[in-house]
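All chains, full assembly: derive it from the sequences and hints.
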Amino acid sequence: MLDTTWLAQTFSPAHLGAAALAAHRAAFAAHPAHVIHLDGVLAPHVAADVTRFLAAEAEFTTGHGLLT
Numbered sequence: 099m100l101d102t103t104w105l106a107q108t109f110s111p112a113h114l115g116a117a118a119l120a121a122h123r124a125a126f127a128a129h130p131a132h133v134i135h136l137d138g139v140l141a142p143h144v145a146a147d148v149t150r151f152l153a154a155e156a157e158f159t160t161g162h163g164l165l166t
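Positions 99 to 166 (the working numbering) are the ones given, in order, by the sequence shown.
It is worth saying that the hints were derived from the structure and are not from the lab. Glycine included, each C-beta is placed from N, C-alpha and C at the ideal position. Please note that a few of the clues may not be correct.
[Claimed, not checked] Estimated spans, in silico, between C-beta atoms of each pair:
(1) Ala154 <-> Ala128: 37 to 43 angstroms
(2) His162 <-> Thr102: 37 to 43 angstroms
(3) Ala154 <-> Met99: 37 to 43 angstroms
(4) Leu152 <-> Gln107: 18 to 24 angstroms
(5) Phe158 <-> Met99: 37 to 43 angstroms
(6) Gln107 <-> His135: 18 to 24 angstroms
Below you can see the structure in the form of structure tokens.
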């Protein structure tokens, strides 16, 4: 069983309802690469923390390579 109360601490409740989860599962299963894009999936306070980290603390580099 999925503990949506616990997940709601990190993720937006709009993405945790039964209908939303079913739609996400269906979209994931239907995509050939099994990926989906979820807008607004993070709870606002988590999104703010991630934004602050990426803007002020994260270090970015350019890398090149070949993945097989």
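Hints, verified against the model:
{"no.": "1", "hint": "Ala154 <-> Ala128: 37 to 43 angstroms", "verdict": "holds (38 angstroms)"}
{"no.": "2", "hint": "His162 <-> Thr102: 37 to 43 angstroms", "verdict": "holds (41 angstroms)"}
{"no.": "3", "hint": "Ala154 <-> Met99: 37 to 43 angstroms", "verdict": "holds (38 angstroms)"}
{"no.": "4", "hint": "Leu152 <-> Gln107: 18 to 24 angstroms", "verdict": "holds (21 angstroms)"}
{"no.": "5", "hint": "Phe158 <-> Met99: 37 to 43 angstroms", "verdict": "holds (39 angstroms)"}
{"no.": "6", "hint": "Gln107 <-> His135: 18 to 24 angstroms", "verdict": "holds (22 angstroms)"}
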